[in-house]
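Q: Sequential numbering of the sequence shown, starting at 744, is according to the numbering used here.
Worth flagging that the hints you see were computed from the coordinates, not collected in a lab.
Computed from a predicted structure; not experimentally measured.
Some hints here could point you the wrong way.
[As the list claims (entries may be wrong)] Taking lysine-lysine and the DSS-like style, the derived pairs with C-alpha atoms no more than 27 angstroms apart in a straight line are:
(1) K943 x K888
(2) K888 x K923
(3) K923 x K839
(4) K796 x K776
(5) K924 x K943
(6) K779 x K923
(7) K895 x K923
(8) K839 x K858
(9) K858 x K943
(10) K776 x K839
(11) K779 x K839
(12) K858 x K895
(13) K839 x K796
(14) K858 x K776
(15) K923 x K796
(16) K893 x K813
(17) K924 x K779
(18) K895 x K796
(19) K943 x K813
(20) K895 x K776
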Amino acid sequence: MKVSRILLVSLLLLVAGSGSGMAGTKPLDKGAKLEKATFAGGCFWCMEAPFDKLPGVVSVTVGYIGGQVKNPTYEEVSAGGTGHAESVQIVFDPAKIGYDRLLEVFWHNIDPTVKDRQFCDVGHQYRSAIFDHSPDQQTMALRSKAALEKNKPFAAPVVTEIVPAGEFFPAEEYHQHYYKKNPIRYTYYRSSCGRDRRLKELWGSAAGH
Numbered sequence: 744m745k746v747s748r749i750l751l752v753s754l755l756l757l758v759a760g761s762g763s764g765m766a767g768t769k770p771l772d773k774g775a776k777l778e779k780a781t782f783a784g785g786c787f788w789c790m791e792a793p794f795d796k797l798p799g800v801v802s803v804t805v806g807y808i809g810g811q812v813k814n815p816t817y818e819e820v821s822a823g824g825t826g827h828a829e830s831v832q833i834v835f836d837p838a839k840i841g842y843d844r845l846l847e848v849f850w851h852n853i854d855p856t857v858k859d860r861q862f863c864d865v866g867h868q869y870r871s872a873i874f875d876h877s878p879d880q881q882t883m884a885l886r887s888k889a890a891l892e893k894n895k896p897f898a899a900p901v902v903t904e905i906v907p908a909g910e911f912f913p914a915e916e917y918h919q920h921y922y923k924k925n926p927i928r929y930t931y932y933r934s935s936c937g938r939d940r941r942l943k944e945l946w947g948s949a950a951g952h
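Input sequences plus hints: build the corresponding full structure.
A: Here it is in structure tokens:
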């Protein structure tokens, strides 16, 4: 794109919407034992909605992970150089939804064929990655990537990273659930970035949205 993403986002955020609750936590069953999953797939606004609607997902928080700077700001991460990736951290009830299902949704909402970019967003901060929280998650992530490489509906190799999760820093409040707070601006950004068009090319009817 000729217009930088940070400039585009600044224009979209001239009037930031209001909202309650950073992570939009859903009611919990008594005694539920929860787990975390963390994924990076480019613009974190666009990665919230696919997980938000899944039964068994308790909350989805957008933020930054994988970098060297404590408590980075959006401007710092967007400019590059902190090492962080825009990401989503999901709290889920494994009794209601499995990590394998979250992996499936992740793959179908990203372009796993490109390095250090997603759609119109270019830079290491927009890489696709799975940040595992346990040996079991790592095993499942590696297995799902191997299965995808074997059965993928596209020719290019899968370059998405699988790495241990480090410290996750929630993004600023105005970014949380942006797709709900500012649906018109969100839809415009998603369309102008070519996200849905590329997902359809890659995944066909299985494409996320």
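Q: Next, verify each hint and record whether it holds.
A: Tested hints:
no.	hint	result
1	K943 x K888	holds, 19 angstroms
2	K888 x K923	violated, 31 angstroms
3	K923 x K839	holds, 24 angstroms
4	K796 x K776	holds, 20 angstroms
5	K924 x K943	holds, 26 angstroms
6	K779 x K923	holds, 22 angstroms
7	K895 x K923	violated, 32 angstroms
8	K839 x K858	violated, 33 angstroms
9	K858 x K943	holds, 19 angstroms
10	K776 x K839	holds, 11 angstroms
11	K779 x K839	holds, 14 angstroms
12	K858 x K895	holds, 17 angstroms
13	K839 x K796	holds, 13 angstroms
14	K858 x K776	violated, 35 angstroms
15	K923 x K796	holds, 12 angstroms
16	K893 x K813	violated, 38 angstroms
17	K924 x K779	holds, 24 angstroms
18	K895 x K796	holds, 25 angstroms
19	K943 x K813	violated, 37 angstroms
20	K895 x K776	violated, 33 angstroms
The structure shown violates the earlier hints numbered 2, 7, 8, 14, 16, 19 and 20.
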